[in-house]
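With the sequences and hints as input, model every part of the structure.
Heads up: the sequence lines are chains A and P, in that order.
All residue numbers for the first sequence refer to the working numbering, where the first residue is 3 and numbers rise by one.
All residue numbers for the second sequence refer to the working numbering, where the first residue is 3 and numbers rise by one.
Treat the hints with care, as some may be off.
The list makes no distinction among identical chains, and a pair is therefore deemed to hold if it is satisfied within one copy or across any two copies.
[As the list claims (entries may be wrong)] Here are the simulated lysine-lysine pairs, DSSO-like style, with alpha carbons at most 27 Å apart: (1) 42 <-> 323; (2) 42 <-> 285; (3) 4 <-> 342; (4) 187 <-> 285; (5) 40 <-> 285; (6) 141 <-> 274; (7) 42 <-> 387; (8) 323 <-> 40; (9) 187 <-> 315; (10) 29 <-> 53; (11) 121 <-> 387; (12) 403 <-> 282; (13) 326 <-> 53; (14) 326 <-> 187; (15) 315 <-> 329; (16) 235 <-> 29; (17) 40 <-> 53.
Just so you know, these hints were derived from the structure itself, not from any lab.
Predicted model only: the values in this text are computed from it and were never measured.
Number of protein chains: 2
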Amino acid sequence: MKRNVLIIGAGGVAQVVAHKCAQHNDKLGELHIASRTKAKCEAVIASVHAKGAMKVPGVFAAHAVDATDSAAVAALIRETGCQIVINVGSSFVNMTVLEACIETGAAYMDTAIHEDPAKICETPPWYGNYEWQRRDRCKAAGVTAILGIGFDPGVVNAWARVAEGMMDSITSIDIVDINAGSHGKWFATNFDPEINFREFTGTVYSWQNGGWQSNTMFEVGQVWTLPVVGDQKAYLTGHDEVHSLSARYKDADVRFWMGFGDHYINVFTVLKNLGLLSEKPVKTAEGLEVVPLKVVKAVLPDPASLAPNYTGKTCIGDVVKGVKDGKPVEVLIYNVADHKEAYEEVGSQGISYTAGVPPVVAALLIADGTWDVGTMVNVEDLDPKPFINLLNTMGLPSRIKDAEGDRLLTF
Amino acid sequence: MKRNVLIIGAGGVAQVVAHKCAQHNDKLGELHIASRTKAKCEAVIASVHAKGAMKVPGVFAAHAVDATDSAAVAALIRETGCQIVINVGSSFVNMTVLEACIETGAAYMDTAIHEDPAKICETPPWYGNYEWQRRDRCKAAGVTAILGIGFDPGVVNAWARVAEGMMDSITSIDIVDINAGSHGKWFATNFDPEINFREFTGTVYSWQNGGWQSNTMFEVGQVWTLPVVGDQKAYLTGHDEVHSLSARYKDADVRFWMGFGDHYINVFTVLKNLGLLSEKPVKTAEGLEVVPLKVVKAVLPDPASLAPNYTGKTCIGDVVKGVKDGKPVEVLIYNVADHKEAYEEVGSQGISYTAGVPPVVAALLIADGTWDVGTMVNVEDLDPKPFINLLNTMGLPSRIKDAEGDRLLTF
Numbered sequence: 003m004k005r006n007v008l009i010i011g012a013g014g015v016a017q018v019v020a021h022k023c024a025q026h027n028d029k030l031g032e033l034h035i036a037s038r039t040k041a042k043c044e045a046v047i048a049s050v051h052a053k054g055a056m057k058v059p060g061v062f063a064a065h066a067v068d069a070t071d072s073a074a075v076a077a078l079i080r081e082t083g084c085q086i087v088i089n090v091g092s093s094f095v096n097m098t099v100l101e102a103c104i105e106t107g108a109a110y111m112d113t114a115i116h117e118d119p120a121k122i123c124e125t126p127p128w129y130g131n132y133e134w135q136r137r138d139r140c141k142a143a144g145v146t147a148i149l150g151i152g153f154d155p156g157v158v159n160a161w162a163r164v165a166e167g168m169m170d171s172i173t174s175i176d177i178v179d180i181n182a183g184s185h186g187k188w189f190a191t192n193f194d195p196e197i198n199f200r201e202f203t204g205t206v207y208s209w210q211n212g213g214w215q216s217n218t219m220f221e222v223g224q225v226w227t228l229p230v231v232g233d234q235k236a237y238l239t240g241h242d243e244v245h246s247l248s249a250r251y252k253d254a255d256v257r258f259w260m261g262f263g264d265h266y267i268n269v270f271t272v273l274k275n276l277g278l279l280s281e282k283p284v285k286t287a288e289g290l291e292v293v294p295l296k297v298v299k300a301v302l303p304d305p306a307s308l309a310p311n312y313t314g315k316t317c318i319g320d321v322v323k324g325v326k327d328g329k330p331v332e333v334l335i336y337n338v339a340d341h342k343e344a345y346e347e348v349g350s351q352g353i354s355y356t357a358g359v360p361p362v363v364a365a366l367l368i369a370d371g372t373w374d375v376g377t378m379v380n381v382e383d384l385d386p387k388p389f390i391n392l393l394n395t396m397g398l399p400s401r402i403k404d405a406e407g408d409r410l411l412t413f
Numbered sequence: 003m004k005r006n007v008l009i010i011g012a013g014g015v016a017q018v019v020a021h022k023c024a025q026h027n028d029k030l031g032e033l034h035i036a037s038r039t040k041a042k043c044e045a046v047i048a049s050v051h052a053k054g055a056m057k058v059p060g061v062f063a064a065h066a067v068d069a070t071d072s073a074a075v076a077a078l079i080r081e082t083g084c085q086i087v088i089n090v091g092s093s094f095v096n097m098t099v100l101e102a103c104i105e106t107g108a109a110y111m112d113t114a115i116h117e118d119p120a121k122i123c124e125t126p127p128w129y130g131n132y133e134w135q136r137r138d139r140c141k142a143a144g145v146t147a148i149l150g151i152g153f154d155p156g157v158v159n160a161w162a163r164v165a166e167g168m169m170d171s172i173t174s175i176d177i178v179d180i181n182a183g184s185h186g187k188w189f190a191t192n193f194d195p196e197i198n199f200r201e202f203t204g205t206v207y208s209w210q211n212g213g214w215q216s217n218t219m220f221e222v223g224q225v226w227t228l229p230v231v232g233d234q235k236a237y238l239t240g241h242d243e244v245h246s247l248s249a250r251y252k253d254a255d256v257r258f259w260m261g262f263g264d265h266y267i268n269v270f271t272v273l274k275n276l277g278l279l280s281e282k283p284v285k286t287a288e289g290l291e292v293v294p295l296k297v298v299k300a301v302l303p304d305p306a307s308l309a310p311n312y313t314g315k316t317c318i319g320d321v322v323k324g325v326k327d328g329k330p331v332e333v334l335i336y337n338v339a340d341h342k343e344a345y346e347e348v349g350s351q352g353i354s355y356t357a358g359v360p361p362v363v364a365a366l367l368i369a370d371g372t373w374d375v376g377t378m379v380n381v382e383d384l385d386p387k388p389f390i391n392l393l394n395t396m397g398l399p400s401r402i403k404d405a406e407g408d409r410l411l412t413f
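Now the structure itself:
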């Protein structure tokens, strides 16, 4: 039994986490939110109260913290008495927040792999570079650390584990992420442009034929036919979950596919080829040192500003192939989310919604002990059933489509 | 009779001017070159000596000057005893250099309209905003100031004057500028990206039906069939010479067309729509104030670096229509230049070459008194014949194509 939640970060995903925590504060206890800018946290809390989202009267307090400072985060954990930390700040702060959890014994969650701002696409498996090096220390300290518990990574890892239970062996896991929504801007990224573009500028790693395969972004594309969103072109993309799932399913091919329209690819290609996505500083003729990528971020729309006008749906699914009783089997497990519904419920668009709900579900499972495992895990290491059942009731129903039809996935 | 030339600027065009002045230093006297960075001037002079371009032994000296400081430029003019100033620095320094010429009595030339760095595309006629406001003072001081004596503006203005002499009245002047060359880079601008993009981000002004017509860039396109380069798509573009020619030929339509490939237009459109061509500062998440356009300039190839590998040809022409003896007539006057030949002769690509040769021809005509008119003029105000004859011998032959065929234009 753990209680009281500290949310790190105050962006679009943090907004969803805050609303969902508030909707379940009877089980989670006191709520706290901290980021570098306290005013951003206060705005999130104000939006929670504006929606009347607090299930029962209780604390929801804002704090300023520099999350790159482990000691400051640890002090805040102690001061607030939080036993559960949901880190949805920048991926650059993951390790300092995790260290604070190891020091204080609080449970840790994040939704994306740790990144060093100075490096792009390190060698695989990416979890091995930072997170897994701290696994033994989590175990020794009895600290529950659930890595990558957003949607992808996160729910898609749990689905792989469900599929594992349905087959004798898995031969391939293809995770397909399609955003068929429209934000109405000429161009925008759906989350922090700096993180968004970094995902696509490095080597694309996939796990195939028992080893890492390297490609470049937009080199390998394929049209996928999915429920609701229909035929969608998606491209082989490097993604967190490939790096943990390939460790568990060594004999399977593990690939991640992200949908992109031609317009996105064109803008990305122009910016990349000109050198404007570089994180290395350039010097202007006037002698000013500046990182091009940070200027691109500065001119693009703030992803949070997209939510009010976002329409359409997302579809994220696992296409898992394997063998059952000597015969080939295939299953699609998926979710469809709606941007407008998400905005109406929690004030964020669908992509933030799908990333922000799962860690709150996990927080509830840690609070009641189900997932309070006292060590560092990726999501596929945990029993997926209680997680999927609770997701079904909290806005992100899982559906399954196989030879027997298309139906709600429930246990 | 005027002697001794001061070149302001040390870029690609200045390089051409330096070489061509050296080739005629028997008539021009001492040569001087000045820019903010003295080392750049020294590099230009070194390239002149490396080619053995000095016709007779003589002075060619480098100087550092801040050309935005009129007094400093005037002091340099006095110190060097230069009576002819060829200003091929940034368009931002035109008025301060002109003021220095008015103060010292030196003849002034430039190749592009003055620009205020804080403004893009002021109201037409552009010459009326800065240059022509100083016409009376030039006249009073007996200062010869030839505005826009590059290729376009410059040679194309002289061609319009030639066509004027061949017709009873002119009904339209279409100036078409095609670069059919290839620099081999994924993307680059042929001259300073800051100036290049500024040309295309504002309103496109053309003179039609006796008034200014406004369009946006790439809104009006047309395929032109030209000698050597063949069919080329060009777009209605705002350009200096439209602003002076429309004053002389009020009853004619005066338009400027620049050739662009789809790739250039795509890159330009992406950068413009994202806000990366803005001259207004943005603030990064880290609080750094930076002008996006200056960052774009910093990541693009230095135009001077393109020269060694530039291949192919440029074709610039005036399509002039009018009436002669009651019948419609049409003439094309044009030049074809070769990037590689330009580089071999003077170490610059063809676009710098076409811009840099004409002011040196004009300097020779000022030196021998032919064009030393003692007032401010645009090129169409001057007798074009000696200019075109001399251009024919100095690397930029004019050709004429009309009902009588295609031949060298000479007088």
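Checked hints:
no., hint, result
1, 42 <-> 323, "neither (44 Å within a copy, 65 Å between copies)"
2, 42 <-> 285, "between (32 Å within a copy, 18 Å between copies)"
3, 4 <-> 342, "neither (33 Å within a copy, 75 Å between copies)"
4, 187 <-> 285, "between (30 Å within a copy, 21 Å between copies)"
5, 40 <-> 285, "between (33 Å within a copy, 20 Å between copies)"
6, 141 <-> 274, "neither (42 Å within a copy, 52 Å between copies)"
7, 42 <-> 387, "neither (35 Å within a copy, 71 Å between copies)"
8, 323 <-> 40, "neither (47 Å within a copy, 68 Å between copies)"
9, 187 <-> 315, "within (16 Å within a copy, 40 Å between copies)"
10, 29 <-> 53, "within (19 Å within a copy, 84 Å between copies)"
11, 121 <-> 387, "neither (37 Å within a copy, 63 Å between copies)"
12, 403 <-> 282, "neither (45 Å within a copy, 52 Å between copies)"
13, 326 <-> 53, "neither (48 Å within a copy, 79 Å between copies)"
14, 326 <-> 187, "neither (47 Å within a copy, 54 Å between copies)"
15, 315 <-> 329, "neither (34 Å within a copy, 65 Å between copies)"
16, 235 <-> 29, "neither (42 Å within a copy, 68 Å between copies)"
17, 40 <-> 53, "within (20 Å within a copy, 65 Å between copies)"
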